[in-house]
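Asks: One-letter residues, chain by chain:
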Amino acid sequence: MEAYLALKILWWLLLGVLLMGLAVMVGTDMGVGTILRYVGRTDTERRVALNIIGPHWDGNQVWFILGGGAIFAAWPLIYATAFSGLYVVMLLLLWSMIIRPLGFEYRSKLPSQRWRNGWDWVLFVSGFVPMLVFGAAMGNMLQGVPFHFSWNLTSYYTGSFITLFNPFAILCGLLSVTLAMYVGAAMITNRSEGAIYRRAREVATWSGLVALLLFTVGGIWVSVMQGYHLVQSPDPASAQTPLQQVVELAPGAWLANYRGHGALWLIPASAYPLMLIGIGALRRGWSHLAWWLGALVWIAVIGTVGAAMFPFMMPSSAEPSQSLTVWNASSSVHTLAWMTGFTAVFMPLIIWYTSWAFWVMRGKVSTEQVESDHHAY
Amino acid sequence: MISDTVVELSRWQFAATALYHFLFVPLTLGLAFLLAAMETVYVTTGRQIYKDMAQFWGKLLLINFALGVATGLTMEFEFGTNWSFYSSFVGDIFGAPLAIEGLMAFFMESTFIGLMVFGWERLSKAQHLIVTYLVALGSNLSALWILVANGFMQDPKGAHFNPLTMRMELSSFTDLIFSHDAQSKFVHTSIAGYVTAAIFVAGISAYYMLRKRHVELAKRSFRMAALFGVLATAGVITLGDALGFVGGHAQPTKLAAMEALWKTESAPMAFNVAALPSQTQQRNLWALQVPAALSILVTHSLDGTVPAADALERQAAERIRGGIPAVEALKRLSKSPTDAAAMAQFKAHEKDLGYGFLVQRYAPDLDISKVTDADIRKAAKDTIPLVWVIFWAFRIMVGFGLLMLAYFILAVIYTLRNQVQDKRGFLYLALWMIPVPFIACETGWLVAEIGRQPWTVYEVLPTWMSASTHSVAYMVFSLSGFVVLYSIFIAIEMYLMVKAVRQGPDEPAPSLGGGMPHAGPAGALLGRRED
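For the protein sequence lines, the chains are A and B, in the order given.
Under the working numbering, the first sequence has 23 at position 23, and the numbering climbs by one with no breaks.
Here the working numbering = 1-based position in the second sequence + 377.
Any given hint could be a false lead.
Residues from chain A shown here face chain B by an in silico Cβ test under 8 Å; the list is partial [said to hold, decoys possible]: (1) 54; (2) 56; (3) 91; (4) 153.
Using 20 Å as the maximum straight-line C-alpha spacing, the simulated DMTMM-like pairs for lysine to aspartate or glutamate come out as follows [what the hints assert, rightly or not]: (5) B:502 - A:373; (6) A:364 - B:593; (7) B:758 - B:690; (8) B:640 - B:687; (9) B:755 - B:799; (10) B:724 - B:752; (11) B:712 - A:319; (12) B:712 - A:235; (13) B:708 - B:687; (14) B:728 - B:742; (15) B:712 - B:742; (16) B:712 - B:690.
Please keep in mind that the hints were generated in silico from the structure rather than gathered at the bench.
Positions of the beta carbon are idealized from the N, C-alpha and C atoms, including for glycine.
My request is simple: use the sequences and hints to build the entire structure.
Replies: This is the structure in structure tokens:
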């Protein structure tokens, strides 16, 4: 069953790709939502910011939906355990996300200033909260989540929802928010002019620096916190449940992979030059490059977490030996094979037509254009 | 053990959020194709009025689409948040169509709808037309994959239980996607969406004709909607009949409930036109019957019979007895996956595993070895779903379907004779018809999903086991949150929709007070003419 082993690892990588796609694409739109009220001082300026992402937010959001669907299909135990265990947090994420499409579609449908101001706050909440929860969820995965299974794999969550917002999780949440603000601001600078351009460049600079600081503090924290270590488990290539392994906790265990494979240090290390060059590029007006470098920083940050945790995906702090790993939480070989086929065909298509959509809508969005275009948000 | 209250609240929450989501989906499915048809006429004839039509109905589509997308997010989350055992137990099969929906359909629909709205000036006519068709295709493909997933819950094909991973796993992808239930359901549901959109467009066009506003645009829109609608309604009824035929074989308990059949009868069986079913007494307190009609309707022959509740309950009791040793063996396998005796016992009773789970609910401490005969009788009774709801929801759906067919036949006659604008009574009827397809869609959902009870996956996984192990407080919190948010949403949506309809396609834009720039947003709402 070597093929099964390869598929498990492939789908772990693909999950990483999806999380990166989600973070970069949805993060850009949510970053714009977060800084909307700051970069846009007048109604027209805010509409410029909204219309920059207007044609794309809906398509981008599918990264998020596909992320959910792919975890369901490829990692059903993780989908089931994480989504039910983090119930209240998931509801916050969901409720803040479902008001977002309405914010985009309904905001500019009425001329009233109060109406639009209200929706601007909705767009702020629906940008800030989901990115905070996204980062906090990653933080909780690193710390382990208090869940355990019964004999038939019914999952029970034994923590309270307040513990999900512990200091380390909030730090990860803020890292995610600042990275989103950076890519969002870079997107605005790329497609706007004048005051809104200058304010967005300013936001990108300081949010990028704060993100680097948070990433550093988080990294030091991870290096001393309790990590998980797989002591004994069935053959990784075999079909198994999380009831058949032995896991131990040890401080600094999350660095074990880095100690074993020195080249992995390049992943966290690359975040620093990428972000600093990105900020430098903004200063020179190369906003397009700055956005791409921000995307690479996202990839480095998520890659750093993945490299630390492998093969753990969702460790259990209540019953460490029932932790969910790449080996015991995946779908069957049959399902993974079919999903691989569909992904191989459709993912390149998606990237192709998404790029085409961005190309069609390329160029600066000006205040005059927003005022005269009756299709605009 | 999950408390019954939590399971009940989880069911209410899922039903409420799914029914709400399903208010917006059918209109999107159909309106997208109607838009594409209007734009096709515009591109081939070059007549501006068809572009105005596409743009005006496009505005209404977007107001509806925003809520469809928003409430669809809830559905993607809710299996995991509230049905976690369901998700891990059948995720290997059920997750795949959901993920493929994202890959194949949802990305396409969502990416191109951005271009459809913002791309009028940036794309050539032909490019924009293709984009509109891709939106329509994307939304319909989306429905296909969702209904493949739902088809699995109704009639689990292409899957087997793997005792090593303690869950259902995919054995044949093609059996899963080509399941008859999934296919006929997809066609029935998506065409129901076309009917919904046709009634919606015809109704609003009728409103304009009554007010003598935008009459040219309204007449043309009405004609397209009427032709689209009459074909779609005929299709939906044919496919609905096929679905009843397929579903009747796959789920005899649902069929017995739809027809309120309590006692087995010999052929030809009478059809209950109306009845007052009593679940506790297991009989109809009153019934209006047509002799022999049921055999003809359901089996398409005079000597066919349909199994009734009493016989189905006896069969269920048998299978429950077979399921008990299966659950016992599985528990032993969970501790030691290599126990050969347990594996042999499991293999012998595997097919009744779901029925074992069904009765486990009544065992003290969920210990299946303590199940009594009384528990088995209770569980067997559970296999008959709530008859009165299914019986009446089905009749409302079918009755409204026939009503819509009659309405569309008249609509086509009037519109082809070019007299519809003068038939004021008929125009009022058209306006009042707008809620009818929405009610028919919702009742159809009720028949399908309440009719599947007490299972989430028919004969495989009972509902009581499927829910997440939340506290009642969590469920009250989330259910209240949804009620509050969704009530606000529908109020805003209806307000904007009614306002957009009142303002109509080519009214001049009102000036925007308070130093606001002119036109712009209001223009977007009004669908001002290009020229």
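Asks: Decide, hint by hint, whether the structure agrees.
Replies: Tested hints:
no., hint, in the structure
1, 54, "6 Å, holds"
2, 56, "6 Å, holds"
3, 91, "5 Å, holds"
4, 153, "5 Å, holds"
5, B:502 - A:373, "18 Å, holds"
6, A:364 - B:593, "38 Å, violated"
7, B:758 - B:690, "6 Å, holds"
8, B:640 - B:687, "6 Å, holds"
9, B:755 - B:799, "61 Å, violated"
10, B:724 - B:752, "24 Å, violated"
11, B:712 - A:319, "17 Å, holds"
12, B:712 - A:235, "18 Å, holds"
13, B:708 - B:687, "32 Å, violated"
14, B:728 - B:742, "24 Å, violated"
15, B:712 - B:742, "18 Å, holds"
16, B:712 - B:690, "33 Å, violated"
When each numbered hint is compared with the structure, violations occur for hints 6, 9, 10, 13, 14 and 16.
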